[in-house]
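First to last, the protein sequences are chains A and B.
Per my numbering, the first sequence starts with residue 16, numbered consecutively.
Per my numbering, the second sequence starts with residue 23, numbered consecutively.
There could be a bad hint or two in this list.
Here chain B is said to cover these stretches of chain A; the calculated rule only asks that three of the stretch's residues, wherever they fall, bring their Cβ under 8 Å from a Cβ of chain B [stated by the list, open to error]:
(1) 54-63
(2) 66-79
Which residues of chain A face chain B? A few of them, derived with a C-beta cut under 10 Å, are [unchecked claim]:
(3) T17
(4) Q21
(5) V25
(6) L32
(7) A41
(8) L135
(9) L137
(10) V188
(11) A189
Because the hints were derived from the structure by calculation, they are not lab data.
Every residue, glycine too, gets a C-beta built ideally from N, C-alpha and C.
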Amino acid sequence: MTATLQLSLVVGLAAELFPNGVSHYAVGGLLVGLGTAVIYFGTGIAAGASTFLESTLSYGSSLSRFQQYRPSRDWRVVFTLGIVAGAAVYALTFQSGLVSSGLYQPATTGQLYDVGGITLWLTDVQPWRLFLGGILIGIGTRVGKGCTSGHGVCGVGSASSASFVGVATFLLVAIGVAQLVAALGVSP
Amino acid sequence: MSAEHEQHPLFMPLVFVGGLIFGFGLGFSHMAQPEVVINFLNFDDFGLLFVMGGAAVITGITFFGIGLFRERAPLTGSVYARRLKTLDRNVVLGGGIFGVGWGLSGICPGAAYASLGVGNIFILYGIAGMFVGAYIQGFVRSSRADEDAPATAAD
Numbered sequence: 016m017t018a019t020l021q022l023s024l025v026v027g028l029a030a031e032l033f034p035n036g037v038s039h040y041a042v043g044g045l046l047v048g049l050g051t052a053v054i055y056f057g058t059g060i061a062a063g064a065s066t067f068l069e070s071t072l073s074y075g076s077s078l079s080r081f082q083q084y085r086p087s088r089d090w091r092v093v094f095t096l097g098i099v100a101g102a103a104v105y106a107l108t109f110q111s112g113l114v115s116s117g118l119y120q121p122a123t124t125g126q127l128y129d130v131g132g133i134t135l136w137l138t139d140v141q142p143w144r145l146f147l148g149g150i151l152i153g154i155g156t157r158v159g160k161g162c163t164s165g166h167g168v169c170g171v172g173s174a175s176s177a178s179f180v181g182v183a184t185f186l187l188v189a190i191g192v193a194q195l196v197a198a199l200g201v202s203p
Numbered sequence: 023m024s025a026e027h028e029q030h031p032l033f034m035p036l037v038f039v040g041g042l043i044f045g046f047g048l049g050f051s052h053m054a055q056p057e058v059v060i061n062f063l064n065f066d067d068f069g070l071l072f073v074m075g076g077a078a079v080i081t082g083i084t085f086f087g088i089g090l091f092r093e094r095a096p097l098t099g100s101v102y103a104r105r106l107k108t109l110d111r112n113v114v115l116g117g118g119i120f121g122v123g124w125g126l127s128g129i130c131p132g133a134a135y136a137s138l139g140v141g142n143i144f145i146l147y148g149i150a151g152m153f154v155g156a157y158i159q160g161f162v163r164s165s166r167a168d169e170d171a172p173a174t175a176a177d
């Protein structure tokens with residue numbers, strides 16, 4: 016009796032905390048880790064996604080700050096093109112409904128649209144939020160030495176104290192800001 | 023890490039394949055959708071914990087486990103080293119600025135590139151913003167470095 020009650024509490028809590036299930040989140044996360052691990056195994060590089068911004072600017076800018084990234088700028092472009100292509104493969108398969116799995120949950124946000132039989136996805140979040148947020152992200156990741164992949168995945172995976180501090184900082188601040196924005200009635 | 027390390031014919035293909043798996047994972051997990059990130063930050067759906075957590079567990083096992091079998095990476099000859107950055111004020115300051123941007127927009131660099139791949143062309147506003155931000159930061163850093171150059175040679 017008590018066991019049944021406890022089980023139903025756990026199930027109820029899980030439904031509350033994870034209304035869309037957890038499998039697609041977990042599988043996606045494992046793949047993100049696997050992609051990082053493949054590059055690390057082959058090259059010894061713990062790749063983060065935000066340095067691409069600075070390294071790519073070195074192609075067009077002679078500012079001294081960007082020149083230190085010249086040696087790595089080519090592979091960072093390739094890494095980023097890989098990310099775009101990987102997401103496009105996902106769009107072509109699961110997002111388009113060509114492939115399905117019990118571990119996968121279809122999108123419930125934004126809008127789906129079709130181009131040449133491929134189902135694509137579009138955000139409802141307003142452009143000014145994306146642009147202004149982008150500027151702050153561009154500054155913040157460069158000052159703070161990493162982003163969700165550099166600090167959050169590679170750094171935490173390395174048990175780096177700087178990354179634990181970085182992740183705790185941006186996570187707590189982001190939670191505060193997102194709640195404030197929602198409280199102000201900005202949606203989406 | 024220098025350019026001659028990239029001479030191995032499989033270097034770029036491997037980096038691309040790694041990016042491919044990484045981007046597919048971001049699409050599959052819906053982290054490429056800013057709304058999902060914003061829902062997470064608003065405590066409406068804690069699923070994203072599994073994305074970052076799952077990814078960090080896999081990289082953690084790889085980063086710590088690989089050294090038991092090999093010393094150097096096959097394609098570059100680089101010694102396997104963990105990703106360790108110095109902990110200073112900048113980590114907190116930059117993390118705070120990034121946090122404001124992440125909370126406002128629901129995007130982060132890797133997920134933004136992936137978002138473009140799933141067809142979200144509006145994400146170009148965000149990516150353009152990131153380049154503007156990185157340029158501003160680089161501009162300020164470069165001018166400071168030039169001012170400091172006579173006094174302190176190394177950054």
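How the hints compare with the structure:
{"no.": "1", "hint": "54-63", "result": "holds (count 10)"}
{"no.": "2", "hint": "66-79", "result": "holds (count 8)"}
{"no.": "3", "hint": "T17", "result": "violated, 26 Å"}
{"no.": "4", "hint": "Q21", "result": "violated, 20 Å"}
{"no.": "5", "hint": "V25", "result": "violated, 14 Å"}
{"no.": "6", "hint": "L32", "result": "holds, 5 Å"}
{"no.": "7", "hint": "A41", "result": "holds, 4 Å"}
{"no.": "8", "hint": "L135", "result": "holds, 2 Å"}
{"no.": "9", "hint": "L137", "result": "holds, 6 Å"}
{"no.": "10", "hint": "V188", "result": "holds, 3 Å"}
{"no.": "11", "hint": "A189", "result": "holds, 4 Å"}
Hint compliance for this structure: hints 3, 4 and 5 are broken, all remaining hints hold.
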